[in-house]
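**Q** Listed below, chain by chain, are the residues.
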Amino acid sequence: MSALLITGADLAGSGAQDLLVEDGVITEVGSLGGAKGQRHWDVLDADGLVALPGLVDLHTHLREPGREDAETIASGSAAAAVGGYTAVLAMANTNPVTDTAEAAERVFDLGRAAGLVDVQPVGAVTKGLAGEELAELGLMHRSRAGVRVFSDDGRCVSDARVMRRALEYVRAFGGVVSQHAQDPHLAGSSACCHEGELSGRLGLPGWPGIAEETIVARDVMLARHTGSRVHVAHVSTAGSVEVVRWAKAQGIDVTAEVTPHHLVLTTDLLAGYDPTFKVNPPLRPQEDVDALRAALADGTIDAVATDHAPHARHDKEHAFVDAAFGMLGLETALSVVSDTMVRTGRLDWAGVARVMSANPARIAGLGDHGQPLAVGSPANITLVDPTARVTVDRSASLSLSRNNPWHGRTLQGAVQATVLRGRVTAQKGALA
Amino acid sequence: MTTMLNTPAASAATGGRRHLLSIADLDTAQIRTLLDTAAEMHGVQQREVKKLPTLRGRTVVNLFFEDSTRTRSSFELAGKWLSADVINISGKGSSTSKGESLRDTVLTVAAMGVDALVIRHGASGAAQQVSQWVDAHVINAGDGTHEHPTQALLDAYTMERRLGSLEGRHVAIVGDLTHSRVVRSNLLCLRRLGARITLVAPPTLMPAGIASWAAADGFDLSNDLDAVLPTVDAVMMLRVQRERMSGGFFPTPREYTVGYGLTRDRLNALVAANPDAVICHPGPMNRGLEIAADAADGAQSLILDQVSAGVAVRMSVLYHLLSGEEGSAQ
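From first to last, the protein sequence lines are chains A and B. Numbering-wise (this note's numbering), the first sequence opens with residue 1 and increments by one. Numbering-wise (this note's numbering), the second sequence opens with residue 433 and increments by one.
With the rest of the complex left out, here is chain A:
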């Protein structure tokens, strides 16, 4: 019998406790000081640390199959583990696309083989992400991978008829469509940043917030009409927040996520044309950042999701408009949320547990994750030092890529250890 004793952890801000984990399950919670003498127990000293249910990321790009030079399921899993994650949802825009049961099972199996986090494949909504014909949604769901979240992420399901059918269809098995909300007509093919005064000055083709907001508005109405559940990926504007807030007030079954970078970084960073800051949705002005923080704090936005998007160096060394969209996020997400939301008093640690674990696990239907740290729960646990100040160094990353927008920034709050079903997967920035 394997056993792990975690001592002195602050359970999401509710006071110091010891946690005993046996065979991957939490078996005792309380003051277990006398039990420390057990020889065959591993002990993790969590004095001064906050214990959260293992983090769950609704939105990662692991690039395998297709771009194993930028990331693999194994390297992305390693980055996730050191970032405090115990489960990640791997987006479908690989090559080939995850649009069949076989493709989904392959991702699922590679994730289990890596063994560092539970890699849960997201299925494409449409074949080849083309936005036209539904992919085999039901077969992906019935597969060993048990796909529940479907997304054409990277592209918007822009055809209202296709979106309506997808929402209706997945309702049969409790699936959800995660929409990359971006009207392709309002966001032209060369659009590469937020459209506003700065894009005008820089001469960069941009797209306005309404390109996102009109799709969010349409989709919540479709969700109301179909009685289905819709999830809005990477909300980036104050207008989208207003629509989601309204929709929730109407009782529409909508959830939403925000990325760490949209909680902090603003469009002014583009002044030097550094493609590290090129991301989709684009970095927006401060007003949007403020609205997103408020929405995450008040529950309008349910979850923080990284949109971890590794890219090979040469894919970022083009002219800005030609460079790839996306930035790394798995290893820095908790620190960014801690620094932005906890240090500033917008969220407490219970709130972090909600938006980075419980809510994303619920949205994705991952029953083994996001559970409260209580007797009987699977031992998926993230230990955080709330006072540690870390300076991000992109070269220290376990990702294969280096497109890290946080490089050089100092953030308060750091993951100290990650436990997946009772096994320590990562400790102090390295794999255990």
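No lab work stands behind these hints, which were simulated from the structure alone. This list has only true hints and no planted wrong ones.
Cβ-Cβ distance ranges computed for the label pairs, FRET-style:
1. A:Ala297 x B:Asn520: 52 to 60 Å
2. A:Ala396 x B:Gly650: 40 to 48 Å
3. A:Thr410 x B:Ala648: 30 to 38 Å
4. A:Asp69 x B:Gly720: 50 to 58 Å
5. B:Ala456 x A:Ser189: 22 to 30 Å
Glycine included, C-beta positions come from ideal geometry on N, C-alpha and C.
Add chain B to chain A, keeping to what the hints say.
**A** Using the frame of chain A, we list chain B on its own:
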């Protein structure tokens, strides 16, 4: 003439900067010096033997990822008249289309031992990015819809030759502002020289966020060319690219001309209000669309003077960036 060219302090015109990427990098005094040197270079241009020995032994590469016969030729002549070795490399259809990164492309060129890279690229910011990767001096010969600094310098030079100081002068820039690098450089340059600027275009051809930009930088906006024309000392007509039509920026060329073209009637109104007013166009022109032949070819037109000034201004820029450095021929 030669005395001036041997003045070591000359490179102060670019503020000790190694590159010319944006007019924003230059203060008024630096612009002044570049324009004064351009006047001297312009004098050289009028001579029978146009060549100066100043940049002998230096290599200038025109790296053009986008076709532009006039800008490339202008830089080529400027380099040659300063005795630099000039070669032209077309980036279009070569390595970039094979998926090579911009960084790899320019590092390859720079590795040949280049003193200055004159770069034209269809993407905004390309020259600035390139300047971070290479040791050579980088001159922005037009980056996407961002800037075209030597065009603004030659525009200012040409207008000053005819109008005298631009302080307090009113310049209207008319046309496709959204997709114009010329307007962005001219806004900065003309403002530094004290001109008052009004941008005129249909709302669909005004850049995003232009209202707050105009408020912050102190220029005016108008959708009514007829109201603006009688108040200007200079009007700069921008090329309207017919391919913009597919974006639905305006309904038809005919409607554009009626609303925003410098037609014969508008030329008459301009001259009636101000007989000394001048007309500029960065070229190439769409005659009959944004500018009528009478306006392009009349006494008010500075369009060919702009081309002639282009070589002098580019000689001035190359001179100030490259001369006085170690290895330069004095």
